[in-house]
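**Student:** From first to last, the protein sequence lines are chains A and B. The numbering of the first sequence is our numbering, which starts it at 295 and goes up by one. The numbering of the second sequence is our numbering, which starts it at 119 and goes up by one.
Source of the hints: derived by calculation from the structure; they are not laboratory data. Beta carbons are placed, not taken as given, at the ideal position from N, Cα and C, and that holds for glycine. Among the hints, erroneous ones may be present.
Unchecked claim - What follows is a list of derived Cβ distance ranges for each label pair:
1. 296(B) to 471(A): 42 to 52 Å
2. 544(A) to 340(B): 40 to 50 Å
3. 665(B) to 654(A): 36 to 46 Å
4. 471(B) to 566(A): 54 to 64 Å
5. 162(B) to 486(A): 52 to 62 Å
To be verified - Covered, in the sense of this in silico footprint (three residues per stretch, anywhere, with C-beta under 8 Å from a C-beta of chain B), are these stretches of chain A:
6. 358-364
7. 610-617
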Amino acid sequence: MTLPSVLRNTRLAKPLPMPHCCARKPKHMARFPFSAIVAQDEMKQALLVSAVDPAIGGVMVFGDRGTGKSTAARALASLLPPILAIQNCPYGCSAEDKERFPDVCGTGPIRKRPVPFVDLPLGATEDRVIGSLDLETALRSGEKAFEPGLLAKAHRGFLYIDEINLLEDYLVDLLLDVAASGENVVEREGLSVRHPAKFVLIGSGNPEEGELRPQLLDRFGLSVEVRTPTEIDDRVEIMRRCAAQERDPESFAEEWAAEDEKILRKVARGKKKLATMQVPDEILADCAELCIAVGADGLRGELTLMRGAKALAALNGAKAVRREHVIAIAPSALRHRLRRDVLDETGSTARIERALGDLFG
Amino acid sequence: MNEAAVPVGPLNDALLALRLFLMAPVRLGGLSLRGGGPARDLVLEKLREDGAELRRIPMHVDDERLLGGVDFAASIASGHKVRQRGLLEEAAGCVFVVPLAERLPEAIAGRIAQELDAASMAGGFGLVLLDDGIEPDDRPPSCLLERIAFDCDLSRVASLDVDDAGKSIAIEPDAVALLDDRQLASIAATASALGIPSVRPMLFAAETARLHAALNGREQPDENDLQIAARLVLAPRARQLPASEPEPAEAQNESPAERTDDGSETSEGKLEDIVLEAAAAAIPPDLLAQLSSGKANRNAAGSGSGKRRKSALRGKPIGVRPGVPRGGARLTLIDTMRAAIPWQALRRRQRGEDRRLIVQKEDLRIRRFEERAARLTIFCVDASGSAAAARLAEAKGAVELMLAQAYATRSEVALVAFRGTAADLILPPTRSLTRARRALAELPGGGGTPLAMGLQAAREVALSAEARGRTPHLVVLTDGRGNIAADGSASRSRSGQDVEQAARAIAAHGVEALVVDISARPGPDGPRLAELMQARFLALPMADARKLHAAVRAATPSRAA
Numbered sequence: 295m296t297l298p299s300v301l302r303n304t305r306l307a308k309p310l311p312m313p314h315c316c317a318r319k320p321k322h323m324a325r326f327p328f329s330a331i332v333a334q335d336e337m338k339q340a341l342l343v344s345a346v347d348p349a350i351g352g353v354m355v356f357g358d359r360g361t362g363k364s365t366a367a368r369a370l371a372s373l374l375p376p377i378l379a380i381q382n383c384p385y386g387c388s389a390e391d392k393e394r395f396p397d398v399c400g401t402g403p404i405r406k407r408p409v410p411f412v413d414l415p416l417g418a419t420e421d422r423v424i425g426s427l428d429l430e431t432a433l434r435s436g437e438k439a440f441e442p443g444l445l446a447k448a449h450r451g452f453l454y455i456d457e458i459n460l461l462e463d464y465l466v467d468l469l470l471d472v473a474a475s476g477e478n479v480v481e482r483e484g485l486s487v488r489h490p491a492k493f494v495l496i497g498s499g500n501p502e503e504g505e506l507r508p509q510l511l512d513r514f515g516l517s518v519e520v521r522t523p524t525e526i527d528d529r530v531e532i533m534r535r536c537a538a539q540e541r542d543p544e545s546f547a548e549e550w551a552a553e554d555e556k557i558l559r560k561v562a563r564g565k566k567k568l569a570t571m572q573v574p575d576e577i578l579a580d581c582a583e584l585c586i587a588v589g590a591d592g593l594r595g596e597l598t599l600m601r602g603a604k605a606l607a608a609l610n611g612a613k614a615v616r617r618e619h620v621i622a623i624a625p626s627a628l629r630h631r632l633r634r635d636v637l638d639e640t641g642s643t644a645r646i647e648r649a650l651g652d653l654f655g
Numbered sequence: 119m120n121e122a123a124v125p126v127g128p129l130n131d132a133l134l135a136l137r138l139f140l141m142a143p144v145r146l147g148g149l150s151l152r153g154g155g156p157a158r159d160l161v162l163e164k165l166r167e168d169g170a171e172l173r174r175i176p177m178h179v180d181d182e183r184l185l186g187g188v189d190f191a192a193s194i195a196s197g198h199k200v201r202q203r204g205l206l207e208e209a210a211g212c213v214f215v216v217p218l219a220e221r222l223p224e225a226i227a228g229r230i231a232q233e234l235d236a237a238s239m240a241g242g243f244g245l246v247l248l249d250d251g252i253e254p255d256d257r258p259p260s261c262l263l264e265r266i267a268f269d270c271d272l273s274r275v276a277s278l279d280v281d282d283a284g285k286s287i288a289i290e291p292d293a294v295a296l297l298d299d300r301q302l303a304s305i306a307a308t309a310s311a312l313g314i315p316s317v318r319p320m321l322f323a324a325e326t327a328r329l330h331a332a333l334n335g336r337e338q339p340d341e342n343d344l345q346i347a348a349r350l351v352l353a354p355r356a357r358q359l360p361a362s363e364p365e366p367a368e369a370q371n372e373s374p375a376e377r378t379d380d381g382s383e384t385s386e387g388k389l390e391d392i393v394l395e396a397a398a399a400a401i402p403p404d405l406l407a408q409l410s411s412g413k414a415n416r417n418a419a420g421s422g423s424g425k426r427r428k429s430a431l432r433g434k435p436i437g438v439r440p441g442v443p444r445g446g447a448r449l450t451l452i453d454t455m456r457a458a459i460p461w462q463a464l465r466r467r468q469r470g471e472d473r474r475l476i477v478q479k480e481d482l483r484i485r486r487f488e489e490r491a492a493r494l495t496i497f498c499v500d501a502s503g504s505a506a507a508a509r510l511a512e513a514k515g516a517v518e519l520m521l522a523q524a525y526a527t528r529s530e531v532a533l534v535a536f537r538g539t540a541a542d543l544i545l546p547p548t549r550s551l552t553r554a555r556r557a558l559a560e561l562p563g564g565g566g567t568p569l570a571m572g573l574q575a576a577r578e579v580a581l582s583a584e585a586r587g588r589t590p591h592l593v594v595l596t597d598g599r600g601n602i603a604a605d606g607s608a609s610r611s612r613s614g615q616d617v618e619q620a621a622r623a624i625a626a627h628g629v630e631a632l633v634v635d636i637s638a639r640p641g642p643d644g645p646r647l648a649e650l651m652q653a654r655f656l657a658l659p660m661a662d663a664r665k666l667h668a669a670v671r672a673a674t675p676s677r678a679a
């Protein structure tokens, strides 16, 4: 039997309400302010750097449960300035996106909307992630319509995956591919849809519970290792702030609003500065030397290192990239790219620090 | 109120935990009750008596029902999308009871955990996990255990005597003062002395102390409240024993500067000790045994990863069958239409409707998949004196190399070592290199050769892996010369019989196996053992870790297609 003729005309569904699993969380939910997070400086730096330059390619956070990974990622998203998007567009497209993907965008005036933050649940199915056939339309009228998935929702924002090492492999592959190409191409169930999906991928996981394939690790721009602060004072401060936040989220947020505002301005300034930021030749040489010294595989390491240093310089308001920026970002940019000899127990961070000491000491 | 008279015991602790939990279900997240039996029934009865609204989340709940989504049957009947509300959405402020929580699929647990995170800020619900696991690793998903305050073990409650002085809440919990810095510091110090890295337990402990104060009508939480909090929240999560000296280990090793101004802090030191002591005294006995033997130095539920795998979602498609697309099963549109089309004329006449396509529930077709079972390579390593220490190092290296690839081959590795008079599962099935390395580093060598015990232990691991849908593959590294019998006596002849029996049991069960003879001068024992096990045989008198690894890989049959 051939395809029923009613199925032949593809059209896109009207802008639909967002898939329920991500629309359920109220937008106004008070989140823990970014600036109120105690310690964890490397993670904060990596997140801010990736906010300045989303092209760096996401952040992978390694660490135990309950060390503030998701809190920081969520806080960052609500900290960033709202984006301008076409009102009815299911993908939250900007005017430029519409030029590139004229078929898929909705129409309507440009409106502000908050930066999307999508929390990908562990058990998410492929359908929900990449989008699927809109069954309602298909069954009612026999027309093929596309129901956007979580990737569409995450466009221009953040996609956070807790315990990425437990996510099924094919889903991780798919996510990284989309994150790298900036568009989601759906070719299945008779659908043929291409829509923009540019987002910063933030993964977290505990290496004790399962390794991540080196190929996948390499795709992440930055990686950080978080530990709970061991200083009793820090721990006490964490408890104090959490209690205050739980008691009265609003006034707690207010208390930190000024600090958050500062960071927000810093990121916005950094974004603006990034375009004109110069990378002197000697810095490029530094990057290359460092990568050779630690034995990082592939060119991606060098590129990320250079980009990261550039974004960090922009974030800090520097005039040009200096060596200190390279040194500050090197552990995050290279840690996960070192060729791993399983019989050598020296940690990656220690190897990078040794190389930094040898080269630039 | 004479609190000194409150009897201490798991059941009383559980009842107290329940009472505290019911005072603030959302803030404390929930409690887990391990071990079935009358003790747990008693706690559950108390829970029902309390009058909180209870809902059950059965194991087979699907995403649509849990979180809300499209109601398929209603949608098809009416011809437009009908949404149903999810359990979690419907029941804000409810307490959810999760039976058989240790078998809750990771996917559902992940969703609930996400909702718990969101709920702690808006509305919310509490969880009661009923954990019927028996093995230490058989725990509810760690993402849930992490997010609930209490983890009560009722599996060895002997007496049902309870102190049933049903205290009513004396004062409003919110009227209780926040903990002061000294008290917070004592919780933080206790947590770090017990090796608890996560922040959540500390927050739960602080909250618990306040609630306990409220329960006892104190506006200012005191020592007693902190002790209770440490006992109920921190002790069950201990990952290490506190240093035997009263000072927490952390303070000594890592931050000596912190305690320089000791003069003013004597009282703080004391409070810490009291709290830590209360926690240490309450560490469950089996956990204590594991901790002191250094075996359980890891996340209690860390092994839950990747064990359960969905089958209707992924793999090689093997055709379609009628069914409703739910729980991730995928609808195949073409087959659904194919099933519906012959009936169109009839249905239009019957219903008097003029829709272009009338699809009914029985037309729906979903896709089925076949999933390949993941492979588990079990190394059974002879760590006795006769297998020289060098060979042990090679075996360790080979295990690490296997693990480095475990991700690519989707396989897991386990390690059983036998020496002296015992065989131990040194490394439970895992894909984590970090964990494996730590387990291997602690593996000692020397002593007799209880080969029979090693084989038995390996067989048990293989069987339990098979029960979980793994394909086990056994690699035995030995010289084949067992000299300790299965009962631990040093009798070479008895040992021989026992080895034969154990080997035959492995053969009878059809476990794929490989025997690697690692003795310097291979004798007849190795091949004989291989024959008994119906295993392949490999003599490797001169191998290093890499060669051994290559040999094992080459001898491992490729996975069944």
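**Student:** Next step is simple, just say for each hint if it's right about the structure.
**Tutor:** Hint-by-hint comparison with the structure:
A hinted range of 42 to 52 Å for the beta carbons of residue 296(B) and residue 471(A) is consistent with their spacing of about 48 Å. One distance hint, 40 to 50 Å for the beta-carbon pair residue 544(A) and residue 340(B), is violated here, with the actual separation near 31 Å. Against the hinted window of 36 to 46 Å, the Cβ-Cβ separation of residue 665(B) and residue 654(A) comes to about 40 Å, which satisfies the hint. Separated by about 59 Å at the C-beta atoms, residue 471(B) and residue 566(A) satisfy the suggested range of 54 to 64 Å.
A hinted range of 52 to 62 Å for the beta carbons of residue 162(B) and residue 486(A) is consistent with their spacing of about 54 Å. Only residues whose C-beta sits within less than 8 Å of a C-beta in chain B count toward coverage, and the segment 358-364 of chain A has 6 of them, enough to reach three; the restraint holds. With a cut-off of 8 Å between beta carbons, the segment 610-617 of chain A has 0 residues touching chain B; three or more are needed, and the interface restraint is violated.
Against the hints set out earlier in the document, violations occur for numbers 2 and 7.
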